[in-house]
Amino acid sequence: MSDILSKLSTAIIEGDFASTPEMAETALEEGLGPDEILNKGLMPGMDHVGVEFKAGNMFVPEVLRSARSMQAAMDIIRPLLAETGIEPAGKIVIGTVKGDLHDIGKNLVGMMCEGAGFEIIDLGKDIEPDAFVEAVKEHSPKILGMSALLTTTMRAMEQTIRALEETGIRDSVKIMIGGAPVTQAFSDQIGADGYAANAASASDIAKKFTP
Amino acid sequence: MINSKFTAQVTPGIQLLSDDQKGGIHSATLEVLRRTGVDVLVPGVRDMLQKAGCWVDGGRVRIPPNLIEWAIRAAPSRVVLCNQDGNPAMELEGRKGYYGTGSDTPFVIDAYTGQRRKAVLEDVANVAKLVDALEHIDFLMCMGIASDVTESISDLYHFREMVHNTSKPIIYTAWDRANLEAIVEMAEAVAGGPEALQRSPFMALYSEPISPLSHAKESCEKLLFLAEKGLPVVYTPGMMIGATAPVTIAGALVQANAEALSGLLITQLAREGTPVIGAGGILFMDMAKGAISYAAPEFMLAMTAFSEMYHYYKLPIFSFSGCSDAKVFDQQASAEGAIWMMLTALGGGNLIHDVGYIESGLTASYQQIVAMNEVAALVKRFMGGIEINDENIALEAIDRVGPGGNFVGDEHTFQHFRRNWVPELFDRSSREEWEVNGELTLGDNAAKKVRQVFENHQAKPVDESVSEALEAVIQKAEERNK
Ligand code: B12
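Chains as they are written, first to last, in the working numbering: chain V, -18 to 192; chain C, 778 to 1259.
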């Protein structure tokens, strides 16, 4: 493997976000393609981070820095990827549903997915079904993620799915849901495409949705 | 109740902060409120704060130090909660501590099958019965969220079941202002009118700001309504160290204090003297799992220091105990729960909740509640301290028995042995006896006791007319929610 690619991987693992953009540029100058930089430099770094996090050897703030380092490099290569017609992992629109102000779980999910190469559009918390619909229209994401921690707000996930159906764009996105009281059974019941109990498995199912 | 002030020479306690450090935390808190301020998401409340001298900038309110110091003095230093008959049950002040359950877990561990399942209304009735029957659990929170009633008004159903199944004080939650109004209407029916309820409240609302530093719409509306009514409210941050608060305990403490005291200011401006129980939750985020912990030592440190700050302010303290991150009632649940029980007593918390929480607040365990009742009894004995006087120093007895004798049959032993604690569930029998009795663990004994209470305990029934009034409020709410 080229020297600069392994350096990029290491920088991502170490969370050196100040250096990764420059490294990405160097790699481009050396004549490497953006896809090669993504798949052989950035992703191996983040994959390693994912494995280490699951094993309990890396911690949330470290993973966050790694994801940030990855995104900093992505900012450089994303336009070129688009030019060469290679699609990056795609966009995820994510938010905490109407009436619910719990956002830490949602933030962690966004962060892990960002680390997996997705572009995250975070709508924030207390998001109305219509606002989700609008965001799906505007950003055409591959995935819509919804978070709810309250028994009283879990229903809003269902309402959002119905609203997407009514607008006729339900099938344009995969829908994943989560939050402490959410279960697989609930996900099936409301017609979501997937449920994850934590941020690491959330990024796993996101990857599965976008082969 | 843990109250050793009058009987012991020294109340057992721990201290984390020096007076200088408390002053430092206080100053830093005032600085956060002056410099950064808090978001207040109800315009009317912002206006009220502005009139009082705060600086308002959009939704942000910055607060001058004198106002906070005024609120600390204006708020009552003691809050008395009564039982449903109007007799005093808890004096929330000083270092007097009372244990109670937690609220709103989506799941419970079934007392018969041992399986985790969704909570139902019968669980709320059962936990109320359990609290009613347990000597050392002093107040009730609903424990589970009933999944088998109209979701948007489950809080009303919880309240009804609690009233029916215990006469101990109730700390309740309300989804929004409309439901809160309905619950207060129910409580007035129980107490015999608004004035009787205000004079001898048997309940207090649990509510929260949204960390970091935000008084959300629902939070403000609830505070205003209770201030209007002159009814007690618990207003406590539910923050997570490292996620919604600084990762350093001192920083989290300052931010929590800023949230609690700015909330206190809102209540005191709305109505001076509104009874508020403050301090509260500085939970911990585990950075390896990205999960919330209800039993981290960092949480325990922060909580103990927060109590110290509130002792310093002479304000009633909301605290935590008997809770755990374990998934079932197991060794971890016992260890974490018991450490908390002793710690909060030593730290001088007043209204000490969440006894019986496992899985970091997602599941409730009846066994844990019963086991912690046993621990509470032990803790109370410890908190009685050592009474040092001539009779207890026992020079006469020592001399009487002398070298080589024994004390078992001595008159002094006979006179005093009853002061010592006798466990109910903790096992001190011989191995043979334990084997003959079926080799029961604490878990077995606790489960047995839970079922015994469910099947046999009868709380004092409420009057037919009260029962009808409660029903009427619920029916009205059902109509409204159709
Ligand atoms: C912190 C907290 C708060 C904070 C939130 C601050 C914030 N900025 O987020 C505050 C204090 C504001 C708060 C308020 C309330 N809370 Co709260 N809160 C919690 C607590 C203690 C931790 C939540 C948390 O952040 N966990 C850490 C994160 C990392 O975990 P997580 O959210 O579960 O997310 C993970 C997974 O679920 C999953 N996931 C999450 N979202 C998504 C989305 C997707 C797409 C996917 C795939 C996966 C996924 O991945 C995440 C990362 O691993 C929980 C208890 C608990 N153990 O969950 C109660 C809890 C959720 N709260 C509860 C309640 C009742 C309330 C209040 C109603 C209390 C009140 N009476 O005022 C208010 C409601 C406010 C509102 N309108 O939303 C109840 C909910 C019960 C229920 N099922 O209805 C709980 C369970 C506690 C309890 N037993 O009382 N709360």
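Simulated from the structure, these hints should not be mistaken for lab results. Mixed in with the good hints, there may be bad ones.
[Claimed, not checked] Here are the simulated BS3-like pairs of lysine-lysine, each with C-alpha atoms no more than 30 angstroms apart in a straight line:
| id | chain 1 | residue 1 | chain 2 | residue 2 |
| --- | --- | --- | --- | --- |
| 1 | C | Lys1104 | V | Lys106 |
| 2 | V | Lys35 | C | Lys873 |
| 3 | V | Lys155 | V | Lys(-12) |
| 4 | V | Lys35 | V | Lys(-12) |
| 5 | V | Lys35 | V | Lys118 |
| 6 | V | Lys106 | C | Lys1066 |
| 7 | V | Lys155 | C | Lys873 |
| 8 | V | Lys79 | C | Lys1259 |
| 9 | V | Lys106 | V | Lys21 |
| 10 | V | Lys188 | C | Lys1066 |
| 11 | V | Lys155 | V | Lys123 |
| 12 | V | Lys21 | V | Lys79 |
| 13 | C | Lys1066 | V | Lys35 |
| 14 | C | Lys873 | V | Lys79 |
| 15 | C | Lys895 | V | Lys106 |
| 16 | C | Lys873 | C | Lys1006 |
| 17 | V | Lys106 | V | Lys188 |
Outcome of the hint check:
no.: 1; hint: C/Lys1104 - V/Lys106; in the structure: holds, 28 angstroms
no.: 2; hint: V/Lys35 - C/Lys873; in the structure: violated, 44 angstroms
no.: 3; hint: V/Lys155 - V/Lys(-12); in the structure: violated, 35 angstroms
no.: 4; hint: V/Lys35 - V/Lys(-12); in the structure: holds, 23 angstroms
no.: 5; hint: V/Lys35 - V/Lys118; in the structure: violated, 34 angstroms
no.: 6; hint: V/Lys106 - C/Lys1066; in the structure: holds, 22 angstroms
no.: 7; hint: V/Lys155 - C/Lys873; in the structure: violated, 54 angstroms
no.: 8; hint: V/Lys79 - C/Lys1259; in the structure: holds, 19 angstroms
no.: 9; hint: V/Lys106 - V/Lys21; in the structure: violated, 35 angstroms
no.: 10; hint: V/Lys188 - C/Lys1066; in the structure: holds, 20 angstroms
no.: 11; hint: V/Lys155 - V/Lys123; in the structure: holds, 6 angstroms
no.: 12; hint: V/Lys21 - V/Lys79; in the structure: violated, 40 angstroms
no.: 13; hint: C/Lys1066 - V/Lys35; in the structure: holds, 8 angstroms
no.: 14; hint: C/Lys873 - V/Lys79; in the structure: violated, 40 angstroms
no.: 15; hint: C/Lys895 - V/Lys106; in the structure: holds, 26 angstroms
no.: 16; hint: C/Lys873 - C/Lys1006; in the structure: holds, 26 angstroms
no.: 17; hint: V/Lys106 - V/Lys188; in the structure: holds, 24 angstroms
Hints 2, 3, 5, 7, 9, 12 and 14 from the list above are not met by this structure, while the remaining hints are.
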